[in-house]
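Chain order of the listed sequences is R and P.
Each step along the first sequence adds one to the number in the working numbering, with nothing skipped, and position 535 is 535.
Each step along the second sequence adds one to the number in the working numbering, with nothing skipped, and position 353 is 353.
A portion of the hints provided could be inaccurate.
Claimed, not checked - Pair by pair, the computed Cβ-Cβ distance ranges are: (1) R:D331 / P:W16: 36 to 42 Å; (2) P:P384 / R:L57: 21 to 27 Å; (3) R:G508 / P:L57: 38 to 44 Å; (4) P:E234 / R:K327: 26 to 32 Å; (5) R:V337 / P:E317: 35 to 41 Å; (6) P:E357 / R:N277: 15 to 21 Å; (7) R:G341 / P:L14: 45 to 51 Å; (8) P:E234 / R:G508: 32 to 38 Å; (9) R:G508 / P:G283: 47 to 53 Å; (10) P:W16 / R:A354: 52 to 58 Å; (11) R:N422 / P:G283: 43 to 49 Å; (12) P:P384 / R:P13: 16 to 22 Å; (13) R:W16 / P:W358: 33 to 39 Å; (14) R:R323 / P:L57: 48 to 54 Å.
To be verified - 20 Å max Cα-Cα, derived SDA-like pairs, lysine to any residue: (15) R:K381 / P:P60; (16) P:K183 / P:E317; (17) R:K381 / P:E317.
Claimed, not checked - Chain P residues, not near chain R, derived (Cβ > 10 Å throughout): (18) T34; (19) F56; (20) P62; (21) L71; (22) R238; (23) V345; (24) K539.
Hint data in this document are derived by calculation from the structure and do not stem from the laboratory.
Every residue gets a Cβ at the ideal spot worked out from N, C-alpha and C, and that includes glycine.
2 protein chains.
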Amino acid sequence: MAEETSTVVKEDPLKWVRLAACVVVGLALWYWPTPSGLSLEAWHVFAVFAATIVSFLLRPLPMGLCVLIGLLVLSGTGTTATSALDDWLEDRGLNEESLSYLSRSEAQPETLVEYSPSYNETIKIRETITDKTFKEKVQQSLSAMLRGFGDTTVWLVVAAFFISGGMLESGLGRRVALMMVAKLGKTTLGLGYAIAAAELLLAPFIPSNTARGGGLMMPIVNAINGVLGSDARESPRRAGEYLVLCGAHLNLVTAAMFLTGMAANPLVSKAADDILNVNFDWGMWIKGSIVPGLASLALIPWALYRITKPELTDAHEAQDAIRGELKDMGDWTYEQVTMAGILLVMLVLWATGAVQEWLLGAKLHTTWVAICGVVALVICKVLPYDKLTGNSAAWDTLLWLGGLIAMADALKSTHFVDWFANQVKSSIGDTTGVLAAIILALVYFYSMYAFSMLTGHILAFAGVFFSAAIAVEAPPLLMVALIAYFSNLCGCTTNYSTGPVVIYYGLGYVPIKRWFWIGFLVSLMHLSVWLVLGLMWWKLLGWW
Amino acid sequence: MAEETSTVVKEDPLKWVRLAACVVVGLALWYWPTPSGLSLEAWHVFAVFAATIVSFLLRPLPMGLCVLIGLLVLSGTGTTATSALDDWLEDRGLNEESLSYLSRSEAQPETLVEYSPSYNETIKIRETITDKTFKEKVQQSLSAMLRGFGDTTVWLVVAAFFISGGMLESGLGRRVALMMVAKLGKTTLGLGYAIAAAELLLAPFIPSNTARGGGLMMPIVNAINGVLGSDARESPRRAGEYLVLCGAHLNLVTAAMFLTGMAANPLVSKAADDILNVNFDWGMWIKGSIVPGLASLALIPWALYRITKPELTDAHEAQDAIRGELKDMGDWTYEQVTMAGILLVMLVLWATGAVQEWLLGAKLHTTWVAICGVVALVICKVLPYDKLTGNSAAWDTLLWLGGLIAMADALKSTHFVDWFANQVKSSIGDTTGVLAAIILALVYFYSMYAFSMLTGHILAFAGVFFSAAIAVEAPPLLMVALIAYFSNLCGCTTNYSTGPVVIYYGLGYVPIKRWFWIGFLVSLMHLSVWLVLGLMWWKLLGWW
Numbered sequence: 001m002a003e004e005t006s007t008v009v010k011e012d013p014l015k016w017v018r019l020a021a022c023v024v025v026g027l028a029l030w031y032w033p034t035p036s037g038l039s040l041e042a043w044h045v046f047a048v049f050a051a052t053i054v055s056f057l058l059r060p061l062p063m064g065l066c067v068l069i070g071l072l073v074l075s076g077t078g079t080t081a082t083s084a085l086d087d088w089l090e091d092r093g094l095n096e097e098s099l100s101y102l103s104r105s106e107a108q109p110e111t112l113v114e115y116s117p118s119y120n121e122t123i124k125i126r127e128t129i130t131d132k133t134f135k136e137k138v139q140q141s142l143s144a145m146l147r148g149f150g151d152t153t154v155w156l157v158v159a160a161f162f163i164s165g166g167m168l169e170s171g172l173g174r175r176v177a178l179m180m181v182a183k184l185g186k187t188t189l190g191l192g193y194a195i196a197a198a199e200l201l202l203a204p205f206i207p208s209n210t211a212r213g214g215g216l217m218m219p220i221v222n223a224i225n226g227v228l229g230s231d232a233r234e235s236p237r238r239a240g241e242y243l244v245l246c247g248a249h250l251n252l253v254t255a256a257m258f259l260t261g262m263a264a265n266p267l268v269s270k271a272a273d274d275i276l277n278v279n280f281d282w283g284m285w286i287k288g289s290i291v292p293g294l295a296s297l298a299l300i301p302w303a304l305y306r307i308t309k310p311e312l313t314d315a316h317e318a319q320d321a322i323r324g325e326l327k328d329m330g331d332w333t334y335e336q337v338t339m340a341g342i343l344l345v346m347l348v349l350w351a352t353g354a355v356q357e358w359l360l361g362a363k364l365h366t367t368w369v370a371i372c373g374v375v376a377l378v379i380c381k382v383l384p385y386d387k388l389t390g391n392s393a394a395w396d397t398l399l400w401l402g403g404l405i406a407m408a409d410a411l412k413s414t415h416f417v418d419w420f421a422n423q424v425k426s427s428i429g430d431t432t433g434v435l436a437a438i439i440l441a442l443v444y445f446y447s448m449y450a451f452s453m454l455t456g457h458i459l460a461f462a463g464v465f466f467s468a469a470i471a472v473e474a475p476p477l478l479m480v481a482l483i484a485y486f487s488n489l490c491g492c493t494t495n496y497s498t499g500p501v502v503i504y505y506g507l508g509y510v511p512i513k514r515w516f517w518i519g520f521l522v523s524l525m526h527l528s529v530w531l532v533l534g535l536m537w538w539k540l541l542g543w544w
Numbered sequence: 001m002a003e004e005t006s007t008v009v010k011e012d013p014l015k016w017v018r019l020a021a022c023v024v025v026g027l028a029l030w031y032w033p034t035p036s037g038l039s040l041e042a043w044h045v046f047a048v049f050a051a052t053i054v055s056f057l058l059r060p061l062p063m064g065l066c067v068l069i070g071l072l073v074l075s076g077t078g079t080t081a082t083s084a085l086d087d088w089l090e091d092r093g094l095n096e097e098s099l100s101y102l103s104r105s106e107a108q109p110e111t112l113v114e115y116s117p118s119y120n121e122t123i124k125i126r127e128t129i130t131d132k133t134f135k136e137k138v139q140q141s142l143s144a145m146l147r148g149f150g151d152t153t154v155w156l157v158v159a160a161f162f163i164s165g166g167m168l169e170s171g172l173g174r175r176v177a178l179m180m181v182a183k184l185g186k187t188t189l190g191l192g193y194a195i196a197a198a199e200l201l202l203a204p205f206i207p208s209n210t211a212r213g214g215g216l217m218m219p220i221v222n223a224i225n226g227v228l229g230s231d232a233r234e235s236p237r238r239a240g241e242y243l244v245l246c247g248a249h250l251n252l253v254t255a256a257m258f259l260t261g262m263a264a265n266p267l268v269s270k271a272a273d274d275i276l277n278v279n280f281d282w283g284m285w286i287k288g289s290i291v292p293g294l295a296s297l298a299l300i301p302w303a304l305y306r307i308t309k310p311e312l313t314d315a316h317e318a319q320d321a322i323r324g325e326l327k328d329m330g331d332w333t334y335e336q337v338t339m340a341g342i343l344l345v346m347l348v349l350w351a352t353g354a355v356q357e358w359l360l361g362a363k364l365h366t367t368w369v370a371i372c373g374v375v376a377l378v379i380c381k382v383l384p385y386d387k388l389t390g391n392s393a394a395w396d397t398l399l400w401l402g403g404l405i406a407m408a409d410a411l412k413s414t415h416f417v418d419w420f421a422n423q424v425k426s427s428i429g430d431t432t433g434v435l436a437a438i439i440l441a442l443v444y445f446y447s448m449y450a451f452s453m454l455t456g457h458i459l460a461f462a463g464v465f466f467s468a469a470i471a472v473e474a475p476p477l478l479m480v481a482l483i484a485y486f487s488n489l490c491g492c493t494t495n496y497s498t499g500p501v502v503i504y505y506g507l508g509y510v511p512i513k514r515w516f517w518i519g520f521l522v523s524l525m526h527l528s529v530w531l532v533l534g535l536m537w538w539k540l541l542g543w544w
């Protein structure tokens, strides 16, 4: 047995050191004096969140496992207890006063009914009062921490993995990929630009960047990798790494370019309207983004090509072989036609939100459409049901993304995010004008490291930064433009920033450290394009 | 393509007929006039729930897919919209009046802060007011329908599947199974009684019947099946079907026997105390259950043996071979010792809730302990992480059980359950006394067909039936005993009644129709034991 143990250690000698490092970071923050203005609870959530993010970088254990450990710590220590109890009481319209009345002995079950009509509720309230350990029970409750596993964004990502499975199963991914390579694939660089072109064409019509990047483009990019003989384990640097990075980062550029390029972009417009009285509509959005956006689309494929140096540069020879393969594939099969048809319907449903609102009075939920697509694929026998339950990549993502979203929610509900925003606001007080706007935008950009969702980042910070802009007298239109575009571009920083990034990263072509490093380089490129060319363009437009 | 399609149809000619049958049931109920006292919303939820249950019986498609379709219908038609919006407003302490004030033009963002301190909340409230389509957006929201995927019971079941994977991976399951067969496995019937004995020993100490049946016993039962050469696909009737049914049904009997045999049993005690002033504590519980309980434990293994007629009756020859195999296994490996150690710690943590409450002021959540165990298994390298993400059975269960729990919640939140209980109450009004108690108990028993959780069933109905007991002048102690024991025994009816049943069913040894049929036979046995022997015993105790 002792031998077995030493074998285990030998396999990965630094595993325990790296695990210890994560634990030390967590413990150090946990016991660090709580900054003023912050509850102990919020600080503890942050400590666990930070340790989890560190574990993503050091990777002592699979990400999903690190997230689970974080959730166990938060729920086991009762860190998320108070807010859970408060929610519970608030849900029932109860406050301290009514509780104290109810806890008096004269309160009879009949009286309780007044506060809550159903018998079950009455039982629960009685428990609250009579059972002194209720609060402690809630403390131990995992409910709050498991909530992320029922999140709609998480399930959109899971559905995207399933759809991608259908692309592979049916051979449609391979067919489309072969067609793209046959037409545009003279060089690997050419394929990078092909992705940019496809993204640019789709972005105005598919407001979910996850549906666009993760559901539609990723399966094609992944199939091209297969055709080029670039395997995630065996030969990631042959071409796959480059194309995957192009897919992820170009998706963010096109998300930034259109008001309808990302689902949460309208939230920025609304905040701009509410706080700065700036009407930043579809036309304004594209007017400001067209020049720096096109520049980014031109720059990124080339720059990533220089950074990643794919081994396969001239895809010319491959291209000839591929034309032959395409011929060998023969006619479209039932599965390929059905897959294409279902994708087309999904595309139409995703792209026609405005029409739906006009016809039905409401838009169909992006995740709803995606799950419908998955169900249709299984019913039409394009994708067997056991390819859903057996899709490890999808379930791995459910574990780590779902858990992380629960933690991010806890950061929000414990008001850590509000506190952080206030810190930013007060620390920047001295500088004013354009420089202040730029500093605010930079902080906004890099604060994305602490977020697991572009939408969450926008919801948490966009309005706060607009308020700060007033305080530091930044030019309103400039501020709105910076926050609007950076809201999406900042997703380049991490591998957990938004759906498509998560999905592209999940393909396994790029090791996590390299993803962060290249992401950082891309962030510098974005800043040079949008802060130099962008500022010039916006000056020309008279926005500052 | 036409050929392909016809091939698909040929494969399973009745698939579409069976699918159509489910759809017809759903549509017929949907458009049926809503019974008085019920909202249209509640009725629609019931229609979808009923169609889903019918689909479990007809199986036109995998269960997970049928549940997903149900969720898509409920969220796509906006059936769960009103309650979602109401929840949203209530969460924020808003009512019609304050909303109407806020919607007036003079309400400024600063005013809104009064109602909700954070900026994000303010934005959301503004949206509620200004964006007329908010209600429609909520209608389309999937959130309510995906909530089940973050449910703690669902994740306890998922964790039990993972732990079972560890039992298999480490070889511990095989070792324990070999040991049990070597000692007790002279006959297949003997193994049935071995399961009964193990359940009886464990039940007082492990209050979660899912942890006991699904986490601990199922992996052993499944490993015995392997040793006996009974495969779920190839040879289910050799012995596996019998042992799986023993595992599931005996778990429910021991759950019924002890106040601490099932997590929700204390809820019955509490309701009895609150409504009927009956103090049904640990001692009273076992006093009433000991005679009929032991009779059931004696009867069920034998009766199931006669019903299922396992092909392997005399396990004697196998037993000799198995003793040899046990020898061949050699010494305990690192993985087996670690697995046993982790299981032991989990067992102690599950069994010592009272001590934990005394020491820590709170019990550890059963699911929390289970997930801790899973994490420990992966860290100790007993179970590779990719055996979690690749555990199809676990994820299949997440899909169908999570979805079903969301539907059951919707039945509850739309007050369908309350309405149903009132129907029962009013329809039984004529009969009184012992006979009324028995009728009530029978209705309580078979109403389990509509529930996906014993706990949900108890929460929904136990109190209602106690109230009804007063109305029909049923003997209080008798009523409490019947409801207490039937709360668990009634789980025999379906394959979706409670965690361990779900898990045993998930092994795939018993086709769904057969599960229902045998479950119905077992329900008749339970009724004859507990209503004949039980009533006599309780008369002797002076309970009626």
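Hints versus structure:
1. R:D331 / P:W16: 36 to 42 Å: 26 Å Cβ-Cβ, so the 36 to 42 Å window is violated.
2. P:P384 / R:L57: 21 to 27 Å: About 22 Å separates the Cβ atoms of P384 of chain P and L57 of chain R, which means 21 to 27 Å holds.
3. R:G508 / P:L57: 38 to 44 Å: holds, 41 Å
4. P:E234 / R:K327: 26 to 32 Å: violated, 43 Å
5. R:V337 / P:E317: 35 to 41 Å: violated, 56 Å
6. P:E357 / R:N277: 15 to 21 Å: violated, 57 Å
7. R:G341 / P:L14: 45 to 51 Å: Violated, at about 25 Å.
8. P:E234 / R:G508: 32 to 38 Å: Roughly 35 Å apart at Cβ, these two residues keep to the hinted range, so it holds.
9. R:G508 / P:G283: 47 to 53 Å: Between G508 of chain R and G283 of chain P, where Cβ atoms are some 58 Å apart, the hint is violated.
10. P:W16 / R:A354: 52 to 58 Å: With a Cβ separation near 36 Å, W16 of chain P and A354 of chain R fall outside 52 to 58 Å, so the hint is violated.
11. R:N422 / P:G283: 43 to 49 Å: Between N422 of chain R and G283 of chain P, where Cβ atoms are some 58 Å apart, the hint is violated.
12. P:P384 / R:P13: 16 to 22 Å: Taking Cβ atoms as reference, P384 of chain P and P13 of chain R lie about 19 Å apart, which means the hint holds.
13. R:W16 / P:W358: 33 to 39 Å: Cβ of W16 of chain R to Cβ of W358 of chain P: about 35 Å, so the range 33 to 39 Å holds.
14. R:R323 / P:L57: 48 to 54 Å: holds, 52 Å
15. R:K381 / P:P60: Distance of about 13 Å is within 20 Å: holds.
16. P:K183 / P:E317: With a Cα-Cα distance of about 13 Å, the restraint between K183 of chain P and E317 of chain P holds, given a limit of 20 Å.
17. R:K381 / P:E317: violated, 45 Å
18. T34: holds, 20 Å
19. F56: Since the minimum Cβ distance to chain R is about 15 Å, F56 of chain P lies beyond 10 Å and the statement holds.
20. P62: Answer for P62 of chain P: violated, closest chain R Cβ roughly 4 Å.
21. L71: violated, 8 Å
22. R238: holds, 24 Å
23. V345: holds, 14 Å
24. K539: Given a closest Cβ separation of 30 Å, the condition holds.
Hint check: violations occur at hints 1, 4, 5, 6, 7, 9, 10, 11, 17, 20 and 21; the rest are consistent with the structure.
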